[in-house]
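Visitor: Single-letter residue listing:
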Amino acid sequence: MVGMNVNLISGRTAVQGQNLDSKLTEKYFDEVAVCNLNGSDMEKLGVTPDDNVRVTTAYGAVVVKAKQDDGNPEGVIFIPMGPWANVLVSGYTEGAGMPRYKGIAAEVEKTGEVVLPVKELMRTYME
Amino acid sequence: MVEITDVVCSLCGCVCDDIVLEVENNEVVKVKRGACSVGKSKLLGHERIKSPMIRENGELKECSYDEAIKKAAEILYKSRRPLLYGWSSTVCEADSAGIELAEDIGGVVDNTATVCHGPSVLAIQDVGIPSCTLGEIKNRADLIIYWGANPAQAHANHMKRYSYVSKGYWTAEGKKGKKLVVVDVRKTMTSKMADVFVQVEQGKDYQVFSALRAILRGHEDVVPDKVAGVPKAQLLEVANMVKEAKFGITFFGMGVTQSGARHNNIVNAIQFTRAAHLHGKWSIMPMRGHYNVTGFNQICCWQTGFPYSVDLSRGYAWYNPGETSSTDLLYREECDAALIIASDPGAHFPGAALRHLAKIPVIQIDPFANPTTEFADVVIPAAISGIESEGGVYRMDNIPLRLRKILETDYYVPDEEIVERIHAEVRALREKEAE
Amino acid sequence: MADGELLIRNGVVYDPINGVKGEKKDICIRDGKIVESVTNPKVIDAEGRVVMPGGVDIHAHIAGGKVNAGRIMRPEDGRKGVEAKTSVCRVQSGYSIPNTFATGYRYAKMGYTFVMEAAMPPLAARHTHEELVDIPILDNAAMPLIDNNWMTLEYIKSGDTDLLAAYVAWIIKATKGYGVKIVNPGGTEAWAWGKNCDLHDTVPYFDVTPAEIVKGLAEATEKYEMPHSVHVHGNMLGHPGNFEVTTDTYDLVKGIKPYRDRPAMHATHTQFHAYGGTSWGDFESQATHIANYVNDNDHVSIDIGSIILGDTTTMTADGPMEYSLYQITGRKWTNLDVELETGSGITPFMYSGKSPVNTVQWAIGQELALLIKDPWKVALTTDHPNAGPFIGYPIIISMLMSKKRRDESAEDMHKVIFDRTELPSIDREYDLNEIAIITRGMTAKTLGLAEHGKGHLGVGADADIAIYDMSPEERDAGKIQKAFLNTKYTIKAGEVVVKDGEVVAAPPGRTIFVTPECEQSLMDEMLVTLKDKFDKYYSVTFNNYPVQDAYLPHPFEIKAPMRG
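Residue numbers (the numbering used here), protein chains in the order written: chain A, 1 to 127; chain B, 1 to 435; chain C, 1 to 564.
For the record, the hints were derived by calculation from the structure and aren't laboratory data. Source: prediction; values computed, not measured. C-beta: ideal position from N, C-alpha, C; glycine also. No false leads were mixed into what you were given.
Just the calculated beta-carbon pair ranges, DEER-fashion: (1) C:T202 with B:E24: 46 to 56 Å; (2) C:D500 with B:L429: 24 to 34 Å; (3) C:D500 with B:R48: 52 to 62 Å; (4) C:K531 with B:R48: 35 to 45 Å; (5) C:T202 with B:K232: 38 to 48 Å; (6) C:T278 with B:G174: 40 to 50 Å; (7) B:G174 with C:K531: 18 to 28 Å; (8) C:M562 with B:R48: 50 to 60 Å; (9) C:K531 with B:D126: 36 to 46 Å; (10) C:G241 with B:V20: 52 to 62 Å; (11) B:R48 with C:H554: 29 to 39 Å.
Over the 12 Å line for every Cβ pair with chain A, so calculated as not near, a few chain B residues: (12) N26; (13) R33; (14) E56; (15) K70; (16) Y77; (17) E100; (18) K160; (19) D195; (20) L236; (21) M241; (22) E244; (23) D410; (24) E431.
Model the full structure from these sequences, guided by the hints.
Guide: This is the structure in structure tokens:
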């Protein structure tokens, strides 16, 4: 597995917003349990769209589906705001009160692991 | 079939209020016009929580409203450091009841701004904010900047109703007489529409604000050839557009509040607005995400003196974001119970905070199940504000509007009433103990 | 409202509207009103203390968008006045911008029972009302801003006074407001483009002058039986040399016949408009000029807007003025322009006795009160919080009543007070009757509230009473100040709300609003133009604009029919 160091940001998307009140649906899962990468980054990782990737930061690791978005500069990955992205975000706000949802040092690699559905993902916090 | 006009949307900070619906048999059957795809989705309805529930042996079991409310009151009454969080997707009346409850039980009351535009509030507390209502922009603006915001995805009606595409008194030509600048780290649906797209290195907006300020104040000589990945030529181009504008507006979003420098970015953004103001009329506005996030901050401030992250455990209001913010309280494992209403920390809080939320008793008040429901020990389904109950809200530009009641419900209880009933039960428990 | 009977005996009563000037009198109360006699009352023995009707504040910024913008911006002000909740009181915070609960409690502790919110941006009227509802105890009202509204500017331009009157009626009704507020007419619309206007400048694009706006709105107002006249914050506030613009503004309504025995204009926070000199360097008081005008004319009343030394927060709809203040101090500054209507600016400000400018400002407010002979033309205000917080009213009262205190204070201030103001040479001292006039008698009368039960203790009046812990003979300024800060008793609608300086009950107050009744055909014609504005230019719909009944849980309506 070739891992790559990247900069992770999370944020809104239209489909994510359309499902704010229906986060337990497939539509939400398909949109939000996703890592958007620039095409050339995907090539470097040996990842094709719909492959899964494992994203790791100092705060956690999560498996999500890869999607191509050439709007992203190389080295920047975008995971829509939501439960999968937040596994990777630090709970320490550095005195700002606001967690750092954007600009997190991360590592991405291709994986054969499965993406956890949202309820199962939540349950991992109870262990 | 009845047509209902002037419906006020209860989803994002745009609070569009010209929606036209068709209602039949107590159901919204058609959204005729006015709503974007996200608002439409809400108005047409989703699957929702069918009954109050209490968790027993790990499973949520249905119960009555009375039982759930009693259980919620017990949890809060016994708690020594309760967190009352959310409030942004419900009405002012509910927020007011919540603050009163928090004051009574000595809890910390906080809203979603704590993970959203809290940094903007902090910046305002440093430097203030030159701003205006959305109609001012619609009628006057000839230069619109979206910085770290993606309205095409997050506030879909924004450009059409209020800014780039809209038509107003001095802007009768719509797009034609205006210029759009988008600043972001990546290309988005919004940046595609821009006359100028400034692609900035992630986390380095601060430098770009400083560079533009320097140019606007006549010191372009101190600006290097490249700032945060942006060529000086482009900075000069944008600065010229700013200088030539009669009325400019910067809308900003999470791109600048959630990255490393947090509120310092916003301070600099506001100072950039002041520098621009030397050349023409300039304002700046945060793109508030939820339809009443602004409302909670307003009410909390006029009632307690402070806009969010208010700790009432001492019997008076204590405000110290970074100490009294929800994420910090959970991260320090300090709160021992949480009331989560009209929000979804399960989906939107960092993992470490959720680890603690999972351990403590959680009461959830929401019409819809979501990731937070997995942690909830008591679930109380609310009537949907703006559809099944009316109430006050504040738009992103601080303009107050009133949500309408469109549909009847003889089962679901509005947020305000749920909170008040919980509070009444807490008082009853206190009186009982005093005997 | 307390159903029971209450008797206040042995008080020395000052009830200027009824000509009572310090008489020992019983006051009988039943069902929240003053009555002729009672049979089985609870008795309060005032033991020779000063008794007055509850205070009526004619102008303060206590509720609404810009007030809260100030609170949001200034947590450091919030931290100054922090007080813990009690069994009766919610949490309190703030000094120059107290939270809503503290506003109610602190005014009540000073013996006030009614406050007029000075300026309500119509588009955000709901916000003003939500805050008013959260102010305990006090009855209240709010004045909508009508002078920079596009409808107003267009009707002034076209000369359609009747249609302007229809719009005035509509907007006061839609906002559940009390009367016509004017702030920097024309200038705040100009500020939406970063500009400003003097009295005879032309408003950009609308081609009318502020003078025309003031005159036109005064005429429109007097087409109805409005309880209160136009309430005016004139152009060029705060600028050295503005004193002539001020009296020129007063001149504009000279020929207008008010509907009743009251002035045709109430000019507010006149201290800020009585400036001489040509710059801050030769800045001096022109209070004499203004006082002479008011002495010689009956068509204007004023409130003083007197300075309280210390840190405060300025907030007005005079956007350009607030911007210049920010440019002087470099402190934080918030601006909020409101589409088609008005704007506002908020910035902190410190008044220091060491500053020559602030010293002159400090003198002016008092000069105005002392040089104007007839106290029925004068109201005591600090334009809270612009010249200072309302909690400073007792300081001003003690200054007006004590030459000695004024002289002592002058010694601690900049010596320009001797050359640039008249204050040190003024010997006059207010007596309690005059204090009662400028804090309740004049204000209730000028607002048109006296016949609705405010500001006096005649039979039928609201049982709103202040019992101050001092004897009428008290001359010590410090003791006077202390007495006016915390009452022995404050009674509101017949219920004891403050006792021995502590809040013991916090019932809700009522919101008083006026309904001007315009002839329907005029209204219909005006509405065509207005609806067009909503369709094209406003960012909210016509139907969503008016303040809904839900925002006034305790309303009191005053009807204002069209004059014959």
